[in-house]
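Based on the sequences and whatever the hints tell you, model everything.
Below, each chain spelled out in residue letters.
There are 2 protein chains.
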Amino acid sequence: LSNVSKNALIEPRRLKGFRDYPPELMVVRRAVMDVVRRSAALAGFAEIATPALEYAQTLLGQGEETDKQVYRFKDHGDRDVAMRFDLTVPFARFVGENQGTLVFPFKKLQMGEVWRGENTQKGRYREFVQCDLDIIGVDSASADIEILGVFGRVLADVLGSYGAGAFTTAVGNRVVLSALIKRLLPGVGGAPEGGAGGETGVLIALDKLAKIGADKVKALLAAIPGASEAGAAALLQALMTKDAKGSTDLAKIKATLAGDEPALAEVERLERVVAVATNVLGKAAGRLVVDLTIARGLAYYTGIVFETTLDALPGFGSVCSGGRYNDLASRFSSRELPGVGGSIGLDRLVAALEEAGKVPAARATAKVMVAVATDDSVDYAFALATTLRESGVPTDVGLGQKLGNQVKYADRMGYAYVLTVGTSERDAKTYALKEMKTGETKADQPAAGVAASLKALLQ
Amino acid sequence: LSNVSKNALIEPRRLKGFRDYPPELMVVRRAVMDVVRRSAALAGFAEIATPALEYAQTLLGQGEETDKQVYRFKDHGDRDVAMRFDLTVPFARFVGENQGTLVFPFKKLQMGEVWRGENTQKGRYREFVQCDLDIIGVDSASADIEILGVFGRVLADVLGSYGAGAFTTAVGNRVVLSALIKRLLPGVGGAPEGGAGGETGVLIALDKLAKIGADKVKALLAAIPGASEAGAAALLQALMTKDAKGSTDLAKIKATLAGDEPALAEVERLERVVAVATNVLGKAAGRLVVDLTIARGLAYYTGIVFETTLDALPGFGSVCSGGRYNDLASRFSSRELPGVGGSIGLDRLVAALEEAGKVPAARATAKVMVAVATDDSVDYAFALATTLRESGVPTDVGLGQKLGNQVKYADRMGYAYVLTVGTSERDAKTYALKEMKTGETKADQPAAGVAASLKALLQ
Chain X
1 LSNVSKNALI EPRRLKGFRD YPPELMVVRR AVMDVVRRSA ALAGFAEIAT PALEYAQTLL
61 GQGEETDKQV YRFKDHGDRD VAMRFDLTVP FARFVGENQG TLVFPFKKLQ MGEVWRGENT
121 QKGRYREFVQ CDLDIIGVDS ASADIEILGV FGRVLADVLG SYGAGAFTTA VGNRVVLSAL
181 IKRLLPGVGG APEGGAGGET GVLIALDKLA KIGADKVKAL LAAIPGASEA GAAALLQALM
241 TKDAKGSTDL AKIKATLAGD EPALAEVERL ERVVAVATNV LGKAAGRLVV DLTIARGLAY
301 YTGIVFETTL DALPGFGSVC SGGRYNDLAS RFSSRELPGV GGSIGLDRLV AALEEAGKVP
361 AARATAKVMV AVATDDSVDY AFALATTLRE SGVPTDVGLG QKLGNQVKYA DRMGYAYVLT
421 VGTSERDAKT YALKEMKTGE TKADQPAAGV AASLKALLQ
Chain U
460 LSNVSKNALI EPRRLKGFRD YPPELMVVRR AVMDVVRRSA ALAGFAEIAT PALEYAQTLL
520 GQGEETDKQV YRFKDHGDRD VAMRFDLTVP FARFVGENQG TLVFPFKKLQ MGEVWRGENT
580 QKGRYREFVQ CDLDIIGVDS ASADIEILGV FGRVLADVLG SYGAGAFTTA VGNRVVLSAL
640 IKRLLPGVGG APEGGAGGET GVLIALDKLA KIGADKVKAL LAAIPGASEA GAAALLQALM
700 TKDAKGSTDL AKIKATLAGD EPALAEVERL ERVVAVATNV LGKAAGRLVV DLTIARGLAY
760 YTGIVFETTL DALPGFGSVC SGGRYNDLAS RFSSRELPGV GGSIGLDRLV AALEEAGKVP
820 AARATAKVMV AVATDDSVDY AFALATTLRE SGVPTDVGLG QKLGNQVKYA DRMGYAYVLT
880 VGTSERDAKT YALKEMKTGE TKADQPAAGV AASLKALLQ
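Protein chains in written order, with our numbering: chain X, 1 to 459; chain U, 460 to 918.
Calculated directly from the structure, the hints in this document are not laboratory data.
Where a beta carbon is used, it is the ideal one built from N, C-alpha and C, also for glycine.
Check before you lean on any hint, since a few could be wrong.
[Claimed, not checked] Derived contacts from chain X toward chain U, CB cut-off under 7 Å, selection only:
| no. | residue |
| --- | --- |
| 1 | I10 |
| 2 | Y21 |
| 3 | P23 |
| 4 | I48 |
| 5 | T50 |
| 6 | H76 |
| 7 | G96 |
| 8 | P105 |
| 9 | S142 |
| 10 | D375 |
| 11 | V378 |
| 12 | P394 |
| 13 | G400 |
| 14 | L403 |
Structure, rendered in structure tokens:
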């Protein structure tokens, strides 16, 4: 490794695809993360964290495309290591490693950065934060209800705190979908190794519904080896026929699946899960609909699958998604650990709030500043600031600049009030109060009631 | 890149030097991070974040030892990239890149993981979280006071919330120390290129005081080329003579530095900063003492330097440290940006709380669980859990296991109360309440007042 000269100036620049979060972007991210944690904790989900780096062997093997995007290198001990690509695989490793001490069902929240060396596009970054909630160790309708409930409540709390309005969670089921494909497109068979045909091809085509529309999806389906045009049309009609509530018409689905008892049991479970989750969440937490067109890609899911979109931003895509899987830690343990869970993309959610115009432009945590007119009033200024801070009023204080520059700074920071103190205020135990919006100033305010006064003004 | 087989079992293992945070470790970390953020926000420090990865050129050049520990590799675009080693250098790059839009003085909090490929020792990890607070763009006594004040308050709030007792912040000054070295060890001169002698050698020797004691440090000092035994003794005596408050005796220091006006001005500033900061913080926030033996290593610092230790754990070392520096972004910009700041090692602080026996063993966020005796009471159980959650009572719910297993789970999770519901409770709108500690159960509790009842019990 060559040494870099300490004297030559280096151009300060971020890596392509990475971004900084200055205060005005960070305030909303932290607020959202706080709400996620608080809402999850209320439902008994405990937070965990795992390292950024893992053995490459732990992370790789998730598919060729994914493997290519993993940041991978040799560490100082010549170990083949990699930066985590998502939170799911490290979590599987964590559960595999700690299964002896964890208490199941294990309800966990994990929030953290993940890294993907993918081609950058507008709004896509190579580092982003995921918020994952999962319930491991139990396969039950109750766990499905609990996971839909916690995501609904988390999103309701986040969106509610920004006045960002209603959202809809569409819930499908992969067992039911698979049974429908077998019945209506009997010729396509299972997923061929590495190919795009078979059932996998059907799922991939269905995932494009929102993007390209039913006609084009029908053509894609009909082109799959073993499929027919009539079968493709029948499948789409079965999936897309809605009942009065806007859900896939499950009465028709049951008729179509007559005789397939395992599939019919899954339809019953799906109906029940959505009904109870709707009751659990109540009106505030958005709408739940059954939507059997939700396919969610590849081999992973084995029960419910779900995606949440904001009603005001139908084109924005999902801000939350997940589903049930049979065996979280199958690569690490022979013990079967069924689970249900999902992921909120923090940055997508924040971007949605921004696109909906719901993020206030705040760069500062304080609303009030104590400005210092004379050097002999520094002690007094700090005492006043301390009183405000200890009363819970976020307060800035002048730090040795000239008074005029302090007031300019307060203006640029967007502070609502400036309390100026000099020798006479110090001696009289008062302050001069300036309302920044109007420019109005009131002299000789008594310091004794400063916290109560400012709290009242800021309400 | 070779593909990993999906079928062979992989041993689930972390990389050496990295650790997971299961709920029982994560609860306290998050709580501490929350208190840091809340306390910092009250004083007007705004949070920022920068990426984990930077151009290697940005991060390297901080010294041979440091450079060796940086995780460095080629990314997908063949760029020479590295994982951040601390938060200071990325922050300098951030300020250099954004100096046109930032408002100065810029008061920032940054919390995040840093990575160092160093040899692992007990209690040292290759990934750990730093919490940095800095004020950039102003060189003033007020900024020094503000930084000592915010760290004091943050630590007081963190330690106070765990009942972890008193702490002491020792404040030195590098200008004063340097002037004392010039006067009392005139022969040693400045820092020789890459060597251990000169003023740098003196600082390194002084940093060992707590570890090896005054006699051995005196011997190290006397051995520095150009130093004398008498000079070494005089320097140590000047630095270590205490006044009645336990601070370095500044009256004696002033006498020693007679005639050196710039150094005397720094002594005055140091006295004033510590006096005002003491007033600002009040009794709750720990003791501030002047301690001119605080050297803090190498070339970086140009004014106050400080280190905080817990009074109950004098041997544990510092949990917080920092100082004033002249030019944060000197490698990135010709604009001079003076600053003052420091860093709390989150993991060291948590370790200190643990060592002091102050961290409660909590693995769960909930305290209450609704257990479900019959399948027909699932709706009712979720309704009861929802009522509790929406009233702010963190509540878990049975997820489809047999009732006996649900109660075992509640016991292992350490829940205080289990509310059991079955068909008859559902019909009567009641629940059976079991206090887990005593095993006592009360039947037929009315659901109507459930939130108020549980809140009262948990108080």
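Hints versus structure:
no.: 1; hint: I10; verdict: holds, 5 Å
no.: 2; hint: Y21; verdict: holds, 4 Å
no.: 3; hint: P23; verdict: holds, 4 Å
no.: 4; hint: I48; verdict: holds, 6 Å
no.: 5; hint: T50; verdict: holds, 5 Å
no.: 6; hint: H76; verdict: holds, 4 Å
no.: 7; hint: G96; verdict: holds, 3 Å
no.: 8; hint: P105; verdict: holds, 5 Å
no.: 9; hint: S142; verdict: holds, 4 Å
no.: 10; hint: D375; verdict: violated, 9 Å
no.: 11; hint: V378; verdict: holds, 6 Å
no.: 12; hint: P394; verdict: holds, 5 Å
no.: 13; hint: G400; verdict: holds, 3 Å
no.: 14; hint: L403; verdict: violated, 13 Å
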